[in-house]
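Chains as they are written, first to last, in the working numbering: chain A, 1 to 468; chain L, 469 to 936.
What the hints contain is simulated information worked out from the structure, not anything from laboratory work. Beta carbons: idealized from backbone N, C-alpha and C, even for Gly.
Here's a subset of chain A near chain L, in silico, CB distances under 8 angstroms, partners left out:
{"no.": "1", "residue": "Pro254"}
{"no.": "2", "residue": "His425"}
{"no.": "3", "residue": "Gly426"}
{"no.": "4", "residue": "Leu439"}
Number of protein chains: 2
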Amino acid sequence: MNAVGEISPRPGLSAEARKALDSRLGERVSYTEAVRSQHGHSETHFASCLPDAVVFAETTEEVVFVVRLCAAHDIKLTAYGAGTSIEGSALPIAGGISLDMSRMNRILTVNADDFDVTVEPGVTRIALNNHLRDQGLFFPVDPGADATIGGMASTRASGTNAVRYGTMREAVLGLRVVTADGREIRTARRARKSAAGYDLTRLFVGAEGTLGIITEVTLRLHPIPEVITSAVCNFETLEGAATTVIQAIQLGVPLARAEILDDMQMRAVNLWGKLDYPEQTTLFFEFHGSQASVDEQVATVGELAAANGGGEFAWSSLAEERSSLWKARHEAYYATVGLRPGAVGWATDVCVPIGRLAECISETKRDLAAVSVPATICGHVGDGNFHVIFSLDPEAPSEWEEVESFNARLVSRALSMEGTCTGEHGIGLGKQDALVDELGEAVNVMRLIKHALDPRGMFNPGKIFAAN
Amino acid sequence: MNAVGEISPRPGLSAEARKALDSRLGERVSYTEAVRSQHGHSETHFASCLPDAVVFAETTEEVVFVVRLCAAHDIKLTAYGAGTSIEGSALPIAGGISLDMSRMNRILTVNADDFDVTVEPGVTRIALNNHLRDQGLFFPVDPGADATIGGMASTRASGTNAVRYGTMREAVLGLRVVTADGREIRTARRARKSAAGYDLTRLFVGAEGTLGIITEVTLRLHPIPEVITSAVCNFETLEGAATTVIQAIQLGVPLARAEILDDMQMRAVNLWGKLDYPEQTTLFFEFHGSQASVDEQVATVGELAAANGGGEFAWSSLAEERSSLWKARHEAYYATVGLRPGAVGWATDVCVPIGRLAECISETKRDLAAVSVPATICGHVGDGNFHVIFSLDPEAPSEWEEVESFNARLVSRALSMEGTCTGEHGIGLGKQDALVDELGEAVNVMRLIKHALDPRGMFNPGKIFAAN
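Can you make the complete structure from the sequences, with help from the hints?
Listed below in structure tokens is the structure:
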């Protein structure tokens with residue numbers, strides 16, 4: 001198993017630091033093994049670790065207090081949201097405090113006329129959308145998991161809607177952040193665009209909590225479309241599926257979602273959800289717009305699919321059918337892990353220029369044929385982003401080695417196509433070498449920024465860069 | 469006139485530095501008054517200044533050479549593109565070298581299947597679009613002026629298409645940049661999205677050349693829409709015009725452009741272009757899509773306009789008519805300056821949440837009623853961004869004082885509505901105090917980044933922050 005994150009003996013927090021924490025936060029500081037263990041654990045394949053304490057923050061002022069305390073006592077500080085990070089971004093591998101943000105879950109202001117909302121970072125995307133629905137608005141970024149908005153901002157999350165609505169990079173209008181010196185800043189006001197100085201918003205989005213603690217997020221919203229229609233279509237070939245999506249984009253079809261699932265993924269989805277989709281490469285689509293616009297989109301994409309070896313183009317605008325369809329897509333990870341009892345999941349992702357996606361997936365499938373561990377592929381065709389998910393035997397070190405070297409080949413294949421080592425999962429613990437392979441000298445510029453903003457390496461140590 | 473930028477005696481470049489420059493770059497180094505003066509001059513209201521030398525770079529390697537030379541000899545370095553900056557961002561106010569990038573104007577690679585292009589920074593947006601047209605692609609960001617792509621990236625430019633296609637923040641996929649230590653980095657590869665480390669692309673976009681010299685830009689492209697239709701509609705009230713656009717956005721109409729021009733701006737446009745538009749608040753629209761989609765958009769917006777006090781909704785899909793319409797909009801600045809012979813232009817911009825735009829423009833018009841200098845208003849309704857343009861008598865200091873205090877009131881009005889002091893012009897020389905008013909402590913974080921990446925303050929000194 002991955003050596004990073006193994007637990008080494010640590011002295012824990014000093015009595016003085018504990019006393020200060022306890023007197024300010026009382027029962028919202030926990031030193032119990034159960035709570036610490038929960039915050040040192042990740043859904044994915046990284047080894048568990050233990051923070052010295054877990055603090056449940058409820059206000060920005062408390063975050064300021066904790067940051068100042070950590071600065072004064074040289075304690076490491078790692079923020080924790082819903083624990084859904086895939087690359088171990090929230091694991092407190094150097095101990096210290098795990099700052100649980102999930103109780104900062106208030107929706108502060110919905111500005112319906114401005115199409116924006118300001119939330120605390122512990123709000124989850126589903127809770128937010130439930131809150132917004134009555135006002136005819138929605139927040140589109142959808143990574144599958146019910147992650148917190150703070151976590152999604154920190155990993156620059158995206159997901160199935162990004163082809164139309166963008167990622168967290170586009171969705172975040174501004175942040176309130178507590179910096180390493182315990183000051184709180186606002187990175188932007190609520191205007192949709194600004195040319196006022198450096199783009200600090202985009203700097204903290206995707207920084208994986210290594211530059212500061214996000215305590216408020218202002219998000220751009222969209223009107224709920226008049227009509228939403230989903231469709232499923234299986235294809236003879238991967239190329240046919242990818243070409244269908246690229247041609248649709250060329251024709252200006254405003255696809256809301258365009259997801260690809262390979263034959264193995266469809267098999268896993270069928271087994272997991274007791275479904276009976278054909279076990280072939282399949283596209284899942286969603287179309288948003290007026291009735292006339294959606295009708296036209298469906299017709300255009302239907303024709304393209306037929307011309308590219310697509311089968312029956314089954315579509316539905318019923319909310320229940322749509323939701324069961326997307327449930328199948330969203331459960332792709334669990335469906336794959338569930339292929340073997342007692343297995344552990346390992347998900348990786350890369351992103352390439354969209355014209356190279358079919359080639360990249362095809363080569364990856366050929367590569368997978370020689371790997372003994374069961375694996376599936378699914379992805380966001382319109383962005384050139386796809387995932388490979390493995391179902392690993394936790395007791396078989398050879399499987400872990402196989403997947404590790406496969407992952408290295410996958411990254412190097414994506415880089416050779418001018419792509420990136422991660423489209424949406426982040427660097428975390430797992431892709432630090434890949435980041436250097438991808439961006440070289442630019443990583444030193446990132447380090448300069450890290451040192452300037454967090455000179456003592458307090459925030460989320462060991463992430464993005466091996467040594468902060 | 470603005471005191472910043474006044475020329476103080478300087479020793480100029482050392483003989484050693486001149487010798488090194490001359491021997492590497494020969495006639496592409498100029499010390500003549502005419503060339504230096506051209507590079508120390510701005511279209512707008514800032515005082516002229518003089519660089520000690522102008523260097524015309526042709527390759528990234530030459531930029532590396534110049535940056536290293538400047539670092540070794542403690543020479544200030546300011547990049548220059550098309551000289552269209554509105555806030556004086558390209559003025560070499562501390563002397564040193566003006567690095568003219570306009571000869572780095574090659575279009576390096578068009579990746580039609582990936583919808584992206586890589587260009588040198590001296591390519592202008594019109595040249596780029598002329599080159600792309602045959603491939604059915606276009607680059608949407610359109611600030612009016614035929615700016616260079618490097619300059620547009622550096623000021624985070626946007627313009628009339630941003631409501632649909634975003635600004636340079638969204639358009640730039642990656643940059644090649646020469647940093648202060650003379651190293652070249654690439655901030656990203658060509659994937660549409662990435663979660664690989666800090667978002668250096670977005671950090672350099674909008675940094676106004678204070679963090680490095682951009683030598684290549686990879687841009688996201690869009691397919692040329694099947695149908696493009698423009699429309700003009702005048703309104704009884706500002707509120708009616710703004711409400712029309714907001715309701716259209718609420719209904720999910722994918723407006724490609726939605727521009728507002730006030731009565732004074734329409735008068736200036738009529739005089740300048742010998743046109744006869746009604747001299748009332750007017751919206752200029754553009755719709756992109758399939759014929760069916762555009763027909764539906766036009767119908768919806770036409771109904772909304774009628775319900776909000778709009779007059780006749782005159783539309784055109786003929787390329788010539790459209791181009792004369794948008795010429796009128798794009799010449800708004802010259803039309804206003806031209807209201808008085810011999811006048812100097814002063815353009816400012818702010819951006820507010822879109823629901824506050826009508827209120828902000830209305831208050832601004834009331835404020836303008838008490839200003840003696842002729843002024844017009846135009847803006848990008850769908851973004852909440854508008855401009856006030858003045859036609860100033862260069863010999864009347866009282867007019868400059870009037871405009872300066874008006875500008876301060878405008879900024880403070882926008883900030884009171886949770887907007888920004890500049891939506892697209894940048895900070896440059898003119899809005900440094902406004903930036904501090906807007907973002908407070910966050911400006912100190914920007915300074916930390918500046919010091920980390922350019923510790924000696926070599927790049928574009930005196931911009932964004934008063935003292936680098």
